[in-house]
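Novice: Line by line, the protein sequences are chains A and B. Residue 317 in the working numbering is what sits at position 317 of the first sequence, and the numbering runs on without skipping anything. Residue 223 in the working numbering is what sits at position 223 of the second sequence, and the numbering runs on without skipping anything.
It is possible that part of the hints are untrue.
Claimed, not checked - Here are the simulated DSS-like cross-link-like pairs (lysine-lysine), alpha carbons at most 30 Å apart as the crow flies: (1) B:Lys234 - A:Lys10; (2) A:Lys10 - A:Lys234; (3) B:Lys234 - B:Lys10; (4) A:Lys234 - B:Lys10; (5) A:Lys234 - B:Lys234.
Claimed, not checked - Heads up, incomplete: computed chain A residues facing chain B, CB under 8 Å, no partners named: (6) Arg5; (7) Gly51; (8) Arg52; (9) Phe96; (10) Ala172; (11) Gly176; (12) Gln198; (13) Tyr199; (14) Asn201; (15) Leu214; (16) Leu217; (17) Asp237.
No lab work stands behind these hints: they were computed from the structure. From the three backbone atoms N, C-alpha and C, an ideal C-beta is built for every residue, glycine too.
Number of protein chains: 2
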Amino acid sequence: MNLVRSNVAKMDGYTPGEQPRDRSYVKLNTNENPYPPSPAVFRAVHEFDPGRLRLYSEPLSLELRELAGAPFGLDRDWVLAGNGSDDLLTIALRTFVDQGGLCAYTHPSYSLYPVLVDLQGARHAAIELDEEFGLPADLVQQATGASLLIVCRPNAPTGNVFPLDTMHRVCAEFPGVVWIDEAYGDFAADSCLDFVRQYPNVVVSHTMSKSYSLAGLRLGFAFADPGLIAEMLKVKDSYNLDMMTQAVGAAALRDRDYMLANCQRVRATRDTLVATLDSLGFHTLPSQTNFILTRPPMAADRMFVALRERGYLVRYFRDPRIADRLRVSIGTDAEMAGFVQAVRAILAAETQA
Amino acid sequence: MNLVRSNVAKMDGYTPGEQPRDRSYVKLNTNENPYPPSPAVFRAVHEFDPGRLRLYSEPLSLELRELAGAPFGLDRDWVLAGNGSDDLLTIALRTFVDQGGLCAYTHPSYSLYPVLVDLQGARHAAIELDEEFGLPADLVQQATGASLLIVCRPNAPTGNVFPLDTMHRVCAEFPGVVWIDEAYGDFAADSCLDFVRQYPNVVVSHTMSKSYSLAGLRLGFAFADPGLIAEMLKVKDSYNLDMMTQAVGAAALRDRDYMLANCQRVRATRDTLVATLDSLGFHTLPSQTNFILTRPPMAADRMFVALRERGYLVRYFRDPRIADRLRVSIGTDAEMAGFVQAVRAILAAETQA
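For reference, chain A alone in the conformation it holds in the complex:
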């Protein structure tokens, strides 16, 4: 007797971005924020009473959900709190997709989506983005039969956004649940968050990992009609958020202005970097995130290795659609100046070779 479900046994797990320990790198590979979390986070940690840990955490994360919904005028019944947005995506598959059912998602996008579909034992409708990494005109038709359609906007790892009117059309026409993953939404010029009021089949998810500089805290939120939230609440682990995460996350949410100011700094650094890389012969996709996907004027995999040797860790994907590109997270101005210097040196060595 095989002890393990066949869908699990035959799959590989998800591969997280490298967290190297062999030497010190400038980490531009996992889209972390280069700035520390809010001073309110430091205070919340220092003021936390560890004696409280003997008690269970509040299972429904009521305070967090209230704080997360408030900036958007949504009551806590419209909000689900997750142990990172990966927890929320797992809840999505388990709430909306049967084993043997069909889940649609675009490609290239977040590489966790197909892993979660395999874990659920479901079938894949991987819908190719067009040449410019836009949504294909027949997206909804291609997703026919799926009970869940996941769209990442702004998209990772390409960085671009899809037009709002296209998103409206998709949400109105798709008969199942549309999950709009706005993990990078705080860096973008606009958002689909308001859609949840209009479409009872739409969920929008956010994370505190990137914009709030809290990747190590594991905290994300899904926004949707209370009917959908109530169903997802059944599926989440009873105590999915520990007490410290709840306390620290609440402090960070109360200092939203700090987060917004950091997003602005990151965007400015990004735009300067893109202009410089343009002048060096790179082709960079328009980004509304804290990273860029850029095609260097040499083989991307060799540039990845050369950057690594010089202490700069970026992300290279073997996926054929983007194997000629590198994903570079936006660091501080000083880090990106060093990165550009390394790039120049690598290109100079390439020309001499």
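Starting from the known structure of chain A, fit chain B onto it as the hints suggest.
Specialist: Same frame as chain A, but now just chain B:
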């Protein structure tokens, strides 16, 4: 189109034990430890640098797994770390039970098991414990066709243990995975942990919620053959444990002696309480945990209400098999003295009425 899977839509969620906010109670209802966590936990929280939170946590929890396995002579490959043992149980269902498959568990036991089976869309083999809440002799036959059999030992909410030789027989004879939930194992006289070396189909899970006084931290461990651990690692969320939980959990695991001493104190308090309740006409099941299941000499539901009015919160289950009993978590000696005083007063009022 119904947006939600039918197994989810038709079920109720899990009901966690009450965490009341209306007034202050002596909480004897969710099996929390009355003693604070180790002084090492306080130090770990105070020394934690919140600036680190901008980076992702270590996805595989390598240090925690090493520390958790060490007292039992198991390498980290034999250990899985979860966001509480509820996370581990969810992983169990998702790794070992197909939608439409069969999952066996004993009854009465932890009320989360049937909820997880419903969430997976699987079928139930709920196997009744015998009159004395022992394992039925034909347990393995009753579990025929199941790919997973969950046994809680010591059992909750009854508190008793099943004989080790019976457990050996079950593990040797059952062809699927046997999951032995030792959430209360640190309070017991013996353990099935060593079974994992002998049976490649056995998983034993522990939690830091009770014995380590860390219910609010959400941290548990599953021990099994590295082959099974590798499969479960695919199923867990990539970053299921946040950075603070990893730091604080490691500190607590390094101070195992503190935990063991607290378990000893709790056991002593428990035995005194049981003797006192005996003298008041209660019938208490033999307990190897930090709680007792006891039958009061009056209707249990009315005693529950009367205790609550006097500020003592215990757990009452409507389940017909145990509806004549109350589950009482063991607090400090002072708390239990107060509890006994309340019990005496309630019984006296009952006699007068």
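Novice: For each hint, tell me whether it holds in the structure or not.
Specialist: Hints and how they fare:
1. B:Lys234 - A:Lys10: holds, 11 Å
2. A:Lys10 - A:Lys234: holds, 29 Å
3. B:Lys234 - B:Lys10: Holds. Lysine 234 of chain B to lysine 10 of chain B sits at ~29 Å (cutoff 30 Å).
4. A:Lys234 - B:Lys10: holds, 11 Å
5. A:Lys234 - B:Lys234: Within the cut-off at roughly 23 Å; holds.
6. Arg5: holds, 6 Å
7. Gly51: holds, 5 Å
8. Arg52: holds, 6 Å
9. Phe96: holds, 7 Å
10. Ala172: Result: violated, 14 Å to nearest chain B Cβ.
11. Gly176: holds, 7 Å
12. Gln198: violated, 15 Å
13. Tyr199: Status violated, d = 11 Å.
14. Asn201: holds, 6 Å
15. Leu214: holds, 5 Å
16. Leu217: holds, 5 Å
17. Asp237: holds, 5 Å
Of the numbered hints listed earlier, those contradicted by the structure are 10, 12, 13.
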